[in-house]
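Taking the hints into account, I'd like the entire structure generated from these sequences.
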Amino acid sequence: MIHDFTYLKPGTVKEAVAMLSDHVDECKIICGGQSLLIVMRQGLIATDYLIDIKGLKELDYIKYDDKEGLKIGATTTHKSIEKSALLKEKYPVLPIMEERLASLQTRNWGTIGGNLAHADAAGDPAPVLIALDAKIKVGSKAGERVFELGEFYTDLFETAMNHEEMVLEVQVPPMAPKTACAYKKFNLLQNDMGVVGVAVKITVDASGTCTDARVILGNAGVTPVRAKSAEQILVGKKLDEAVLVKAGEAAADDADPVSDIHASEEFRRHLIKVLTKRMARQAWEQAVKLG
Amino acid sequence: MEKKIITLRVNKQDYELYINPKTLLVEAIRDYIGLTGTKRGCETVSCGACSVLVGDLAVKACSVLAMQCDGMEITTSEGLEDNGKLAPIQKAFLDEGAYQCGFCTSGMLMTTSGLLKENANPTKQEVKEAIEGNICRCTGYNSIVRAVERVAKGMYKEESL
Numbered sequence: 001m002i003h004d005f006t007y008l009k010p011g012t013v014k015e016a017v018a019m020l021s022d023h024v025d026e027c028k029i030i031c032g033g034q035s036l037l038i039v040m041r042q043g044l045i046a047t048d049y050l051i052d053i054k055g056l057k058e059l060d061y062i063k064y065d066d067k068e069g070l071k072i073g074a075t076t077t078h079k080s081i082e083k084s085a086l087l088k089e090k091y092p093v094l095p096i097m098e099e100r101l102a103s104l105q106t107r108n109w110g111t112i113g114g115n116l117a118h119a120d121a122a123g124d125p126a127p128v129l130i131a132l133d134a135k136i137k138v139g140s141k142a143g144e145r146v147f148e149l150g151e152f153y154t155d156l157f158e159t160a161m162n163h164e165e166m167v168l169e170v171q172v173p174p175m176a177p178k179t180a181c182a183y184k185k186f187n188l189l190q191n192d193m194g195v196v197g198v199a200v201k202i203t204v205d206a207s208g209t210c211t212d213a214r215v216i217l218g219n220a221g222v223t224p225v226r227a228k229s230a231e232q233i234l235v236g237k238k239l240d241e242a243v244l245v246k247a248g249e250a251a252a253d254d255a256d257p258v259s260d261i262h263a264s265e266e267f268r269r270h271l272i273k274v275l276t277k278r279m280a281r282q283a284w285e286q287a288v289k290l291g
Numbered sequence: 001m002e003k004k005i006i007t008l009r010v011n012k013q014d015y016e017l018y019i020n021p022k023t024l025l026v027e028a029i030r031d032y033i034g035l036t037g038t039k040r041g042c043e044t045v046s047c048g049a050c051s052v053l054v055g056d057l058a059v060k061a062c063s064v065l066a067m068q069c070d071g072m073e074i075t076t077s078e079g080l081e082d083n084g085k086l087a088p089i090q091k092a093f094l095d096e097g098a099y100q101c102g103f104c105t106s107g108m109l110m111t112t113s114g115l116l117k118e119n120a121n122p123t124k125q126e127v128k129e130a131i132e133g134n135i136c137r138c139t140g141y142n143s144i145v146r147a148v149e150r151v152a153k154g155m156y157k158e159e160s161l
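Protein chains in written order, with the numbering used here: chain A, 1 to 291; chain B, 1 to 161.
Calculated directly from the structure, the hints in this document are not laboratory data. Note that CB positions come from ideal geometry on N, CA and C, so glycine has one too. All clues stand as given, with none of them false.
Rough simulated footprint, nothing fancy, chain A against chain B, three-plus residues with beta-carbon under 8 Å:
(1) 18-26
(2) 108-115
(3) 130-142
Think about it this way: if two alpha-carbon atoms lie no more than 25 Å apart in a straight line, the pair counts; the simulated DSS-like pairs of lysine-lysine are:
(4) A/K57 - B/K4
(5) B/K128 - A/K79
(6) A/K57 - B/K117
(7) A/K88 - B/K117
(8) B/K4 - A/K28
(9) B/K128 - A/K88
(10) A/K88 - B/K124
(11) B/K117 - A/K83
Written out as structure tokens, the structure reads:
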């Protein structure tokens with residue numbers, strides 16, 4: 001049973017942050033609500049005020065320029081990202097990730113800002129966006145702040161935002177030359193939450209040597225995990241089988257996964273090892289082919 | 001809590017509702033408007049039995065607040081037919097026997113209608129991917145996929161609405 005709440009519908013971001021500051025600790029923001037309504041019905045969240053930002057058109061955009069990179073507004077739906085011709089060209093990993101994010105119905109209504117703010121460790125967008133060195137812009141009545149997305153998550157379902165702030169925008173820098181990113185999650189049904197997910201971004205030089213790497217693990221800890229020791233193994237090398245295997249093993253060591261009904265800790269580490277190897281190879285092969 | 005007045009345009013008819021804002025779209029459609037073709041299944045965004053179209057987009061009505069659809073055009077399975085004439089997708093489900101117990105059927109019809117509005121000629125793989133969010137425990141899905149393929153192939157064109 002959902003706790004009774006007073007429904008507020010701001011017409012602008014300015015109105016939304018004013019409402020937030022009026023009801024700080026007794027309100028929640030809803031956008032698509034594809035995660036929030038479930039936990040509200042389970043009684044895990046009981047809020048006295050609900051601020052509905054789904055209709056804020058000013059945050060519904062996907063913009064790109066070569067200098068500043070990509071900007072996606074918080075109320076942009078997963079569907080818009082999945083179908084964006086611009087993203088398919090500039091950041092193909094994002095539409096590929098979205099294709100397997102939950103069901104078609106959820107992608108039609110759910111939003112990127114809501115997904116990132118919900119801070120579910122098994123969420124798909126966060127690991128990929130962190131691998132792309134994304135930033136997240138949040139706003140309150142006091143002004144705006146920008147976080148590295150990799151530093152945004154503090155604990156399970158917890159972010160570095162204070163209670164007067166809301167997510168406004170995701171920012172992704174332009175892709176460096178000869179750089180590619182790959183993401184895969186392991187699950188039993190294709191569009192379930194990942195038992196684990198791995199995003200790897202690889203940059204190579206003209207000789208095919210890896211000059212920069214990001215390895216980000218999803219559902220491998222209470223927040224997305226950056227597998228720095230795996231990255232260190234990849235950088236400076238050509239990614240042959242031996243290097244890839246070592247990187248996979250290092251990523252499995254960097255992870256801190258739980259045991260639950262879906263998989264044991266041991267099985268999750270095994271999956272991380274395999275997926276890291278495969279995604280690093282895939283990103284490396286794509287990057288080598290790029291001009 | 002303050003009750004709110006909203007207007008939902010369901011199957012081309014306006015309904016003015018005076019509701020608790022926590023009312024879910026599926027509750028508004030079934031309990032307030034009385035259209036029970038839309039089913040309540042899992043209520044955790046898993047089974048898809050409550051799928052309806054908001055505009056041209058299929059959504060799960062158990063995970064959308066009715067408030068968020070104020071003024072919007074909603075189509076339920078009852079809205080597919082036109083003056084007693086079945087829509088192509090409904091005819092195709094009949095012809096392929098794409099249901100047994102029938103509980104998932106209205107959700108399946110709405111999800112696949114949404115797919116066909118966006119992509120009139122989906123591949124078999126695209127049909128399968130589109131209904132991933134709809135669970136059917138009877139058919140094994142093959143007859144449902146075949147039904148959508150029949151419509152995509154234009155087999156009901158001469159009688160389409």
